[in-house]
Amino acid sequence: MKILTCPMNGPRNINEFQCFGPVKNDPDPATTSDADWARHLFRVDNSRGVITEWWRHVPSNYFFLAERNATTNEVIRTFTPQDAEARP
Amino acid sequence: MKTFPLSPGGAAENVTLIDNVITLTDLTPLPRFGLKGRGSGAWLQAQGRPLPQINQIANGVLRLGSEDLVVVETADDLRAAWHAAPAPKGYTAWREETWAWMHLSGPRLNDVLAKICPVDLSPAAFKDNQIAQTRVGYLEAIIWRHTFDGREGFSVFFDIAATAFFANAVATAAREFSEG
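Taken in sequence, the protein lines are chains X and D. Going by the numbering used here, the first sequence opens with residue 1, and the numbers climb by one from there. Going by the numbering used here, the second sequence opens with residue 1, and the numbers climb by one from there.
Only chain X is shown next, with the shape it has when bound in the complex (with noise of 0.2 Å):
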């Protein structure tokens, strides 16, 4: 099976994970249009290449953020909000 690892909890079983989407910043609600905020609610890009999601250790209700290749599902590497605030 493959192993994520999560940052609180260690190398886990994947089915032990939820993928909560990549990562997205959230629009400027006095500029966006119903449409836009449509799109961002409920569509997500299907991107190549190395994305940003959040992932969630569904036992512990742990959330935090992975690094993957979408063309490889390689996952690069796992880490908290803290550590990517910490990142210049």
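What the hints contain is simulated information worked out from the structure, not anything from laboratory work. A few of these clues could be false.
[Claimed, not checked] Just some of the chain X residues that point at chain D, by a computed CB distance under 10 Å:
#1 Asn-13
#2 Asn-25
#3 His-57
For glycine and all other residues, C-beta sits at the position ideal for the given N, C-alpha and C.
Knowing the structure of chain X, use the given hints to seat chain D on it.
Chain D alone, transformed into the frame defined by chain X:
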């Protein structure tokens, strides 16, 4: 008097807990108190209960996250103190209502656990004070080493609504060892 799944009138009333190569004991009625959210760790420490590291248990406190704690010793006293205390103190996670608590022991414990839990729980890999938040018996669960009533084994927390499912999953996994 509370009704638990295995007590008379409970949802799993007619389920038998396995007791041969492995012994399943229902500890669900035992007191426990879960706290979550900002301020819960600081409040617990102020009660003289030191916090272990995340995913460890010490002095009857399980730490499931930085601000996610479950007390399994003298929990009722603590609950009364918590209700009387001013905020910030986190919020109650209702662990005594939402989780079943079962103890596993017996001569084929390690063989059965190797089938139903993906984490290596052997003494060399899984220390006495460690907690695993993982899957046990196909369910999201929390498991740690626990000697209950003189019997060495493991305790497991899981969704209380799955009590019958868990008991049956353990019995099914143990069948090959009891028939051998």
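So, going through the hints one by one against the coordinates:
| no. | hint | in the structure |
| --- | --- | --- |
| 1 | Asn-13 | holds, 5 Å |
| 2 | Asn-25 | violated, 26 Å |
| 3 | His-57 | holds, 7 Å |
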